[in-house]
Amino acid sequence: MTTRIFPYSLRGLCPRILLPLVLVLGVAGSLSAADLDQLFLDLKGQQDPARAAQTEKEIWAEWMDSGDREINHKLATGALAMRMGRLDTALRLFNEVTELDPQFAEGWNKRATALYLDGQYDASLGAIRKTLKLEPRHFGALSGRAMIYLRQGRTRGAARTYERILEIYPTQPQAQERLEELEEALASPSV
Numbered sequence: 019m020t021t022r023i024f025p026y027s028l029r030g031l032c033p034r035i036l037l038p039l040v041l042v043l044g045v046a047g048s049l050s051a052a053d054l055d056q057l058f059l060d061l062k063g064q065q066d067p068a069r070a071a072q073t074e075k076e077i078w079a080e081w082m083d084s085g086d087r088e089i090n091h092k093l094a095t096g097a098l099a100m101r102m103g104r105l106d107t108a109l110r111l112f113n114e115v116t117e118l119d120p121q122f123a124e125g126w127n128k129r130a131t132a133l134y135l136d137g138q139y140d141a142s143l144g145a146i147r148k149t150l151k152l153e154p155r156h157f158g159a160l161s162g163r164a165m166i167y168l169r170q171g172r173t174r175g176a177a178r179t180y181e182r183i184l185e186i187y188p189t190q191p192q193a194q195e196r197l198e199e200l201e202e203a204l205a206s207p208s209v
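Take this note's numbering: the last position of the sequence shown gets the number 209, and nothing is skipped along the way.
The hints are simulated quantities; they were obtained by calculation from the structure and are not laboratory data. Here the structure is a predicted model, which means the values were calculated and not measured. Hints may contain errors.
[Stated by the list, open to error] Only pairs whose alpha carbons sit at most 27 Å apart, straight line, appear in this in silico BS3-like list of lysine-lysine: (1) K75 with K62; (2) K75 with K151; (3) K151 with K62.
With these hints in hand, go ahead and build the complete structure from the sequences.
Laid out in C-alpha cells, this is it:
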C-alpha cells in the first residue's frame, strides 16, 4: 500500500508548482544556524548568477523546513492551495502554521504572500514585518514589501527595499532591474 504524504495528486502539475513542493516535502533542511549564515555569506560574495541561484535554492530549502512534519505538511498544502487560487484555504493553513510555530519565519512569509494575492496589503505588510523580525535576511519577504510599496505609490520605500535585497543578494536580477527603473523614476523631475 502506498502512503500519500500529500493529500492531492501531483501527476500533471507543472514544474513551477512542483519545485516548491519538492523543496518542502523532499529536501528537509538540516543545516545549523552557522551553516545558514555561511550560505548567506556565499550568496553575498557570489559573482556568478547561476551559482548564486543555486545558493538561493539551498537557502529556500532551509527556510521551508520548520523541523516539524505537520507544519511542513500544512505549509506545502497551503502553498498548493495558493497556487490554485484557493486563497481562503491557503490563509487558513498559513494561520494554523503561525499559530503552531510563531517563530517559523516562512509561515509568516507565506501568510504575507497569500494576503498580498488577496489584496490585503496592510495585513501583508504586518506579516512581512514578523517574517523580517525572525529572519532579517529574508529577501523573499523584502521583495514582497517592495511590491506592496510600489502598489501604494511609495517609490522611495520600494527603492530602499530593493537596495536592502541587493545588500543580501547582490546578483538578484529582478531587484537590480527594479532598482535601476526606480532610480530613473526618482531622478525624473515629475516624481
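Checking against the hints above, which ones are violated? As far as the earlier hints go, not one is violated by this structure.
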